[in-house]
Every structure is written in C-alpha cells, then in structure tokens.
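K.L.:
Below, each chain spelled out in residue letters.
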Amino acid sequence: MLAFIIRRLLQSVLVMVAVGFIAFSLFNFVGDPVSLMLPPEATQSDRDEVRKSLGLDEPFYVQFGKFVGNAVQGNFGISLRLGRPVSQLLIERLPATLELAMTAAVIGLLVGIPVGVYTALRRNSILAKSLLTGSLIGVSLPNFLIGIFLILIFAVWLGLLPSFGRGDVTKIGLWTTGLLTVTGLKALVLPAITLGLYPVTLIMRLVRSEMMEVLRTDYIKFARARGLSNNAVHFGHALKNTLVPVITITGLQLGGLIAFAIITETVFQWPGMGLLFIQAVQFADIPVMAAYLCLIGLIFVLINLTVDMLYYTVDPRLRISGSAAGGH
Amino acid sequence: MNDSLKRFFDGDIWWSFKQHPLVMIAAVTALLCILASAFAPLVAPHNPFDLKTLNLLDAFTPPSWTTNGKAQFLLGTDDQGRDVLSTIMYGSRVSLVVGICAVLLAMLIGITLGLISGYVGGSVDAFIMRVADIQLSFPAILIALLIDGVARVALPKGMHDQLAVYVLVFAIAASGWVQYARTVRGSTLVERNKEYVQAARVIGRKPLAIMFSHVLPNVTGPVLVLATLHVGTAIITEATLSFLGVGVPPTQPSLGTLIRIGNDFLFSGEWWITVFPGAALVILVLSINVLGDWLRDALNPKLR
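Order-wise, the sequence lines are chains A and B.
Read in order, the letters of the first sequence are residues 2 to 329 in my numbering.
Read in order, the letters of the second sequence are residues 489 to 792 in my numbering.
This is chain B alone, in the form it adopts within the complex (with noise of 0.2 Å):
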C-alpha cells in the first residue's frame, strides 16, 4: 500500500496535478461539495425535512447579509421556512448519488455490450451497433425523458414516488450506455486477436470467461474517463428533468427539485430560492467538468 502511494505521487499524473493550478481548485471544491452532501445530516445547519423543526414564520428570510436577513440562516429560507443553505446540501446529496449511480448502471451495460459486441462480432454486433447508431442520432436528454415520462405513465399512481429515484437512474443510464459501448467494441477488437486471447482460447476457456476476466482489464482505461465526464453530463439531465417536474418528487428534492420549487418566487423577488441552488448546481458540474477533461489530457500519452 505504502509503495504503491509512493509511486503515486512520484507519478506522472500527480506531477502534472501540481502544474494546473485550475484542476487543483477544482478537485478540492469538487471534494468539498462531495464532503458537505455526504455529511450532510451532520454539517446541516438545520435539517429541512424535521417537520418540527420548521417554522412557517421563517419562510421568506433572505439571505443573512441583507437587511432582513437572520444570523441562523446564513442563504436565506424557502416558502416553507427550510434553511436554504441545508437543502442545497441535502438537495446535492440526492443529485449526485443519482449522477453517479446513472453513470455506473451506464458503464455496466455499455461495458457488456461493447465486449459482446466487439469479441462475438458478426450479426450481433450488426445489431448491437446498428440499434448505437440509431440512439445517437437523438439528443440524450431527450431519450431521458421519453423512459422518464413512459415509466410515470404505466407505473400505477402510488409507486410512482417511491420508485422516481431508480426509474431516473434508468432513464439516464439509457440514454448514455452508448459512448461506453462504442468505446469498449473498439478496444475489444484489437484486444481479440492478442496472443494472451488466443491462449486463453487454447486451454479452453469459455468465451464469457475471456471477456470479462481477460478482456476487460485491458479495455478500462479510456472507459474510466469517459465515466467522469459523463457524471457531469448525468447531474444536469437530472437536475433538467427535475426541473421540468419529471425527475425526484418534491419530498426528496434534488437541486433540480429546488430550482424548480425557487422559479415560482422569481416574481415576488425572493431570487435566493432559485440563484443559490443554481449556482450549487454549476460550481459542482464546473468542477467535475474540470477535472474530468484534465484526466483526459493526462492520459492520454500524446499530450505528454
């Protein structure tokens, strides 16, 4: 363990860490913002969904440095008196835990897609790659919510809320199995015709067995980045479709949720309902957007 941190920081990427000032505020706001919503129960001023702990009287403070303004809520109060500060925390909770498990439910099936794909070849891959092709010429968000909107409608009425934060993760998940796919079929088709493939054939192991325990460790690599660009990517289509009313319900606000919940007051001039959770919103995705593309450029060993 030891050693292997050592090689770490006499590493090439820690090396070039160091030299972007940008990527290193980035990763630690991108820590800072995953530190709060993970504790959030315990560094949450307050926690918004204590029914006995609300106050209607509350509801409409603004923001602690304006003239109205009270010390306890440092962002100010929503419509039902909720510290507006302690939901964004809670709100991104819910935000990433869906960006990232999208993500991960992505890479699984693309993953296993583009190994069959790329290792069985003929009809097959025709297909898989055919029914690709046909996926991306409509835009991601779109096909999020068409599964989004689908799945409201024929699941019956109560399960609908209940289930809201899995079907979401499925909605996004489908919508971008793709890129991982296309990926891994290319990697897979060089890979297959390596001498360590075709050993393994020879002593006879089964087909699945290759894919995935020879295989696959070879093809991870340029997945992995793919994967951290595309938790930026997930975190907005789910804060868009939040914010359209498809996404989390209300009882389990997402920052998307929060946004939309704050647009109703934009009017009556309580801005700090909607701009606080919106810029939550961006200096998350900015963050994750930052290092992601720095971890491209610093893999890829022609950039060196």
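Only chain A is shown next, with the shape it has when bound in the complex (with noise of 0.2 Å):
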C-alpha cells in the first residue's frame, strides 16, 4: 500500500514539475520581462539594474525555484492585459467555472442513469433505440456548435433565456454565487445543458454497458429465483452494482469538465477561468496564462491521485498485484 502511494504521489510531484517548468519557461524564455517592465528609451544600465533587481542574472536553477517557491505560495505576478494580482483574478473567476462545471455533472448524472437503466432495460424499444443513435450523434457535433445553436433557437428565436453572462450573482465571503438569484439560475441554464451534453452520453453508454453486464449474472439469477419483484432486482441489486464505476468515472470527467468549461465559458462569454485563459491567451498575457496552466494541472493530478486512490480502497485485487502492476 505505502509503495503504491509513494510511486502515486512520486509521479505526481513529476507531473507538477513539468507543468510548473513551461509556466517558467513561457515567463522567462518567451516574454522578456525586462522590456516588458521598461519604457522602450531605456537605456542598456537601466537594463541592467532591472535584470538584477529580479533576480534574472542568477543562475538557472535559482530562478526555477524562486518560481516554485512563489508558485506554491500563489504568487503569480501582475496580469499585463488586466494589470490586477493573477491569483486575485484567479479566485474571482474560479466559483463561476465550478458552479458551471459541478451543474453539468449533476445533469450528466440526474439525466444520464435513467435513461441509461431504460436503455438497459427495454433495449429493443424503439425509443431506447433512438436514444442510442441519438447520443452517438450527439459526440460527434462539436461542443461549441451546440452551445451556438441553443443560444439561436432559445435566446435569440425564443427569447426565453439569457445567452450571456452570469445574471445577479450574491456574494458570500470568497464565493461569488448565481444560484440564488432567479436570473443566475436562468442563465445558468443554457451553458450548463451544453457542458452537460457529454457527460450525459458518456455516462448513459456506461450505465447501459455495466447494466447489460450486470444483469447476467448469477446473483441476478438467483435473486429472480427467490421470487423478487422486477423493480426489486433492477433498482435494488443491478444499479446498486453499476454505480460504482460510474461515480469513479464522473469524478475523472470533472478534470474534463473544468478543462471544457473553457469552450462553453467563451461561446456564453460566462466570466470563468476558461474565458479568462482564452483572452490572456489572445493578448500573450503570460503571468494569466502560466498560472491558468500551473492550476489545472494542479486540479487534473489531484483528481487522478484522488481516484487511484479510490480504486486501491475499492478494488482488492489491485493490493495483490499491486506492486507490479501498479495502477489499474
């Protein structure tokens, strides 16, 4: 167990360290800080002293751990497009992406199980069937094409929903919320179906699949023989069996779901982290870009550490094998 969390954790220190060494080399090798600080009359001394008063005439490995070091404590420099402390910037646009992200895993989940355990169940219908196909079509249209044509036919056809922004938001300490107010709500609405869209495929094709498996088995089998109602046997001993996978599985989507925030945030202009990487991406605003790239790293070890660990607890077999296999 120990060697399996040390090599876990090893490899994830690794990760972190390559993703914080190009956030260093975009600020150092990329944009030259020095003529971005100074006017472009500045002549070679006062080059100099500013090359020296950051630190940039030490060597290599100094500087990268000057990095870390203030990476670690958060610091990130001033955004050259916003001109505002980045990990301020950061934290004010981090609750819009969450909210956005964890709504659509809700719908991927509320939607998906039904009509995951319908398909399942009545696979022959033709309902089930078209669902099916349905969500075939469904990933293969880009993301964005969606959100583009649910924005014309219920924003701008319709008039029923807003297309942008995040409505009235409350403020409670740090968080900034638009889940209480009836216009955050209503503009919740469209971004969220579109970044739910894939999850709710995803997770209707796994429930489906795990279901189909499920139901073959013996203790279906044998449960049926005792006499058990339908209901009892689907919902009581075949989904209970399924939901293991899922669950692990829309908690690795989350990583996913932050990552594709970034497209819905900017076809709904929703003032989030993504559409804050897009823009400093447009404008070479690097501190923005190298601490966007630093965060989701951060996030995307995190839940995959999360969720190693989760399967070593759940599955006994990977203790066993553990040490040579070493993953699942």
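Derived from the structure by calculation, the hints contain no laboratory data.
Misleading hints may appear alongside valid ones.
Just the calculated beta-carbon pair ranges, DEER-fashion [what the hints assert, rightly or not]:
(1) A:K241 - B:R495: 51 to 57 Å
(2) A:L111 - B:K694: 57 to 63 Å
(3) B:A697 - A:F61: 39 to 45 Å
(4) B:P529 - A:M213: 50 to 56 Å
(5) A:P115 - B:K694: 57 to 63 Å
(6) A:M213 - B:L696: 20 to 26 Å
(7) B:R495 - A:R225: 48 to 54 Å
(8) B:G610 - A:N232: 54 to 60 Å
(9) B:A697 - A:R52: 30 to 36 Å
(10) B:Q507 - A:Q283: 45 to 51 Å
(11) A:S126 - B:F505: 25 to 31 Å
(12) B:P737 - A:A19: 27 to 33 Å
(13) B:L530 - A:I154: 35 to 41 Å
Note that CB positions come from ideal geometry on N, CA and C, so glycine has one too.
Hints are included, so try docking the two chains, each in its own frame, into the full complex.
P.N.:
Right, here's the structure in full:
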C-alpha cells in the first residue's frame, strides 16, 4: 500500500514539476520580462539594473526554485492585460467555473443514469434505440456548435433565456454564487446543458453496458429465483452495482469538464477561468497563462490521484498485484 | 491492377459496404465534400478572397429562398459581402487539409515511438509509455490549446499568422499521437518474437531496418482504422481552436473561423452566416465518423 501511494505521489510531483517548468519557461524565455517592464527608450544600464533587481542574472536553477516558491504561495505576478494580481483574478473567476462544471456533472448524473437504465432494460424499444443513436450524434457534434444552436433557438428566436454572462450574483465571503437569484439560475441553464451533454451521453452508455453486464450475472438470477419483483431486482440489486464505476468515471470527468468549460465559457461569455485563459492567450498575457496552466495541472493531478486511491481501496485485486501492475 | 480491383469488388469489405445504406450515403457525402473543397476554385460560384469582386452593398444578403435573397447568393452573404456557399467550400478546404495533415503527423510520431517502445523495450519503453500515460490523463483539446497558445506567444507577431496552419497541425498531432503509439507498441510486442523477425536478426539486419521494413507492415492494419476516426476528431479540434480565436487567421478562414465570424451577427438576425458553416462542419464530421465506425467493424473478423 505504502509503496503504491509513494509511487503515485512521486509521479504526481513529477507532472507538477514538468507543468511548472513549462510555465516558468513561458515567463523567462518567451516574454522578456525586462522589456515588458521598461519603456522602449531605456538604456543598457537601466536594463542591467532591472535584470539584477528581478534576479534574472542568477543561475537557472535558482530562478526556477524562486519561481516554484512563488507559485506555491500563489504568487504569479500581475496580469499584463488587466493590471491586477493574477491570483486575485483567478480566485474571483473560480466560483463561476466550478458552479458551471458541477451543474453539468449533476445534469450528467440525473439524466444519464435513468436513460442508461431505461435503454438497458428496454433494449429493443424504438425509444431506446433512438436515444442511443441520438447520443452517438451528440458525441460527434462539436461542443461549441451545440452552444451556438441553443443560443439561436432559446435566446434569439424564442427569447426565453439569456445567452451571455452570469446574471445577478450573490457574494458569500470570497465565493460569488449565481444559484440564489432568478437571473443567475436562468443564465446557468444554457451553458450547463451545453457542457452537460457530453457527460450525459458518456454516463448513459456506461450505465447501459454495465447494467446489461450485471443483469447476466448469477446473483441476479438467484434474486429472480427467490421471487423478488422486477423493480427490486433492477433497482435494489443491479443498479447498485453499476454505480461504482459510474461514480469514479464522473469524478475523473470533472477535470475534463473544467477544461472543456473553456469552450462553453467562450460561447456564452461566462465570466469563469476558461474565458480568462482564452483572453490571456489572445493578448499574450503570460502571467495569467502560466498561472492557469499550473492550476489546471494541479486540479488534474489531484483528481487522478484521488481516483487512483479510491480504486485501490475499492478493488482488492490491486492490493495483491499492486507492486507488479501499479495502477489500474 | 485489374486483378486487384476485381478482388476488391469480390471481397468482404465491398460486400459489407453494399449491405449498409447509411454507410453508402456517408461515403457519397464525404466524397462530395472532399471534391467540392478540393476543386473550390473551379466549382465555387464566387471567389470570396478576390477583393475586386466583393461589393459591400451585397453584405448581409439572406439566403436566396427568403424574401430579400438574391439568386446569385444561394446561402446568402456575410458582413463583407462574401458568398457564404463559396466561403464554406474554401473553408472546408482548410479544415480538411489541417485535419488530414494533423492525423498523418500524429501517425508518424505515434508509429515511430510505438515501434521503438515495443521493439527496444526496457527503460526506453517505460519512459515513452509513462509520458503517454500522463498525456492521456489530460483531454486532447486542452493539450492542443496549450501548445497552440504557447506557440502564439513564443513566435514573433508577424510570423505567427504565416505559420498558424503549421502550428495548428503540430498542436493537434501532438495531442493525438498516444493512441497510435499504444496500438503499435502492443502489436510490436507480439510481432517481435515471431520467427521472421528472428530470421531477420540472424542474417544481421540492423534493428532500425527490422523495425521499419519488417515489423511495420504487419502492425499498420489497426492504425488505419484509428486514423479514419481520428480525422473527424482532428477536424473538430481544429474548428474548436479556430472558433476560440487561436487557430487559423481570418485571412485564411476554416469552417471554425467562419462560425466564429458569424457568431457576432447571431443577435442581429443574420443567422445564416453561422448556421450554414456549422451545418457543413456537422455533415462533414458525421459522414467521416460513420465511415470510420463501419470500417472498424468491417475489418474486425470477430464481428463477421
């Protein structure tokens, strides 16, 4: 157990060092910080002085160490575009992205599980077949296009829902939430559906195949032999066992949702981290890019680490061959 | 040549093709899309990039079947008076070229690394596969976006627009090589111990020669199926990046760029500037995906 955890931790640290290194190279090799800070008419001695005061004359590894030290404390400098500390910007934007991603995940579970169960139980009904085909088409449609079509139908033609922004938000400490106002909830509908469509199709297909697998097992036959009702067999016995992989997959997808939120946020002008990142890329705002890179790297590493640990606790087979196979 | 053609028409694949009407529709659609974009300068009703033929008075003409439409602009015009149908033809050209080139490059990288990984083994294998594992835990589009974003910042301003297409191809390829590497590595591990490889080793052929002239032809089958399905994904990735404004420049628009341009006019009622390029993208990707899906099943002997 310990060896497994240490190896996973070590790998996570390596990934974070690699991500940090990319972010650091962005700062130091791509944008020249000295010329960014000085007016164009500055002399060479001015340049040298700034270079020294920034610590840019020090050896490479010292600079990298300092960068990591700052990054760990959340200090990424000041946004070139907005002129405000990057960490402050990210903290402001984080709630919007998290609320969007969580809502999408909830939609995925609430729609995906019942539809998946239905398509598994009524395998040959026309509705089940069309749901399955529909999900295939849904997967091959680009996400941003779905968003645009939703805007066109519900915002432009029908005028039912807002198509951009977050509506009115309530501030609770550092967190701003749009879940407590009517405009906030209305603004959430279209982006959440757009982002939630992919998890819906994924969870639905997963539940369907797991359910069909489980229904063939012996203990289901035994449950039927005991004379239990169809409902008790399907929902009390079969569904329960299909949910373990569903929950881990949903957990793993959460990172993907935060990443895909970049696209949804751009379509709906949702003021989250993804929109901030895209604007940073367009304006070559390096501090914001570097910080976002590190943050998203950290989120992914943490999620993967948690899921690995969960697998390890849930699946006893890993504990036996853990040292040989390492992973899942 | 005649012989192999005859063999093809007698073969399982052609038979399976004839059995699936949906696949036949998809094949015809994909072929039409590819032909229309390849011969865009010949078939397109207008040249949208020839500034002399553009007339700003034609801007925002709705599709020809609506009340204000004009017969010469079948699908209407955009904000600069460019014919939407023609921009779609030229746009799918960029989309297809970027998508196919990205897949070819991803194949090249993936196959090479997979062959080396499987054939050499040991710590080289462990290293390549570790990198692949790590990359696989991030969504491909995020990696493509990051590479593209970094290149955008790293390259000098003037150069970036010229190199945008190459950067895009590289970014998409670098985000998609892992599948190929994994597949090829798996089959290479099997092939490595077969007698023909041992024989080649005994007569003293160099490892590189064995890898590329003996092992490679025997591991390419599954790779081709992967590649067909990957073209669809690559086109979507390209469209997404261009839509986000970090793909090809507006002077050389792809379908994604066209959708981005049209998106600004959604609220003023000019829906056709977005909807038609969007529909073209969906039709193109769907038909390629249907073909890829069918090919995967048709080539899989277990499903016959």
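K.L.:
Could you run down the list of hints and mark each one as holding or not?
P.N.:
Structure-based check of all given hints:
1. Roughly 53 Å separates the CB atoms of K241 (chain A) and R495 (chain B), a value that falls within the hinted 51 to 57 Å.
2. The hinted window of 57 to 63 Å between L111 (chain A) and K694 (chain B) holds, with their beta carbons roughly 59 Å apart.
3. A hinted range of 39 to 45 Å for the beta carbons of A697 (chain B) and F61 (chain A) is consistent with their spacing of about 40 Å.
4. Look at P529 (chain B) against M213 (chain A): about 52 Å separates their beta carbons, and that is inside 50 to 56 Å.
5. At roughly 60 Å, the beta-carbon separation of P115 (chain A) and K694 (chain B) lies within the given 57 to 63 Å, and the hint holds.
6. Between M213 (chain A) and L696 (chain B) the CB atoms are about 47 Å apart, so this pair departs from the stated range of 20 to 26 Å.
7. Checked against the hint of 48 to 54 Å, the C-beta distance between R495 (chain B) and R225 (chain A) comes to roughly 52 Å, which is consistent with it.
8. Between G610 (chain B) and N232 (chain A) the Cβ separation comes to about 56 Å, which falls inside the hinted range of 54 to 60 Å.
9. Between A697 (chain B) and R52 (chain A) the beta carbon distance is about 52 Å. The supplied range of 30 to 36 Å is therefore violated.
10. Take Q507 (chain B) and Q283 (chain A): their Cβ atoms lie about 49 Å apart, and the range 45 to 51 Å holds.
11. Here the CB-CB span from S126 (chain A) to F505 (chain B) is close to 29 Å, well matched to the stated 25 to 31 Å.
12. Checking the proposed 27 to 33 Å range against P737 (chain B) and A19 (chain A) shows it holds: the Cβ atoms sit about 31 Å from each other.
13. For the hinted restraint 35 to 41 Å between L530 (chain B) and I154 (chain A), the CB-CB distance of approximately 36 Å keeps it satisfied.
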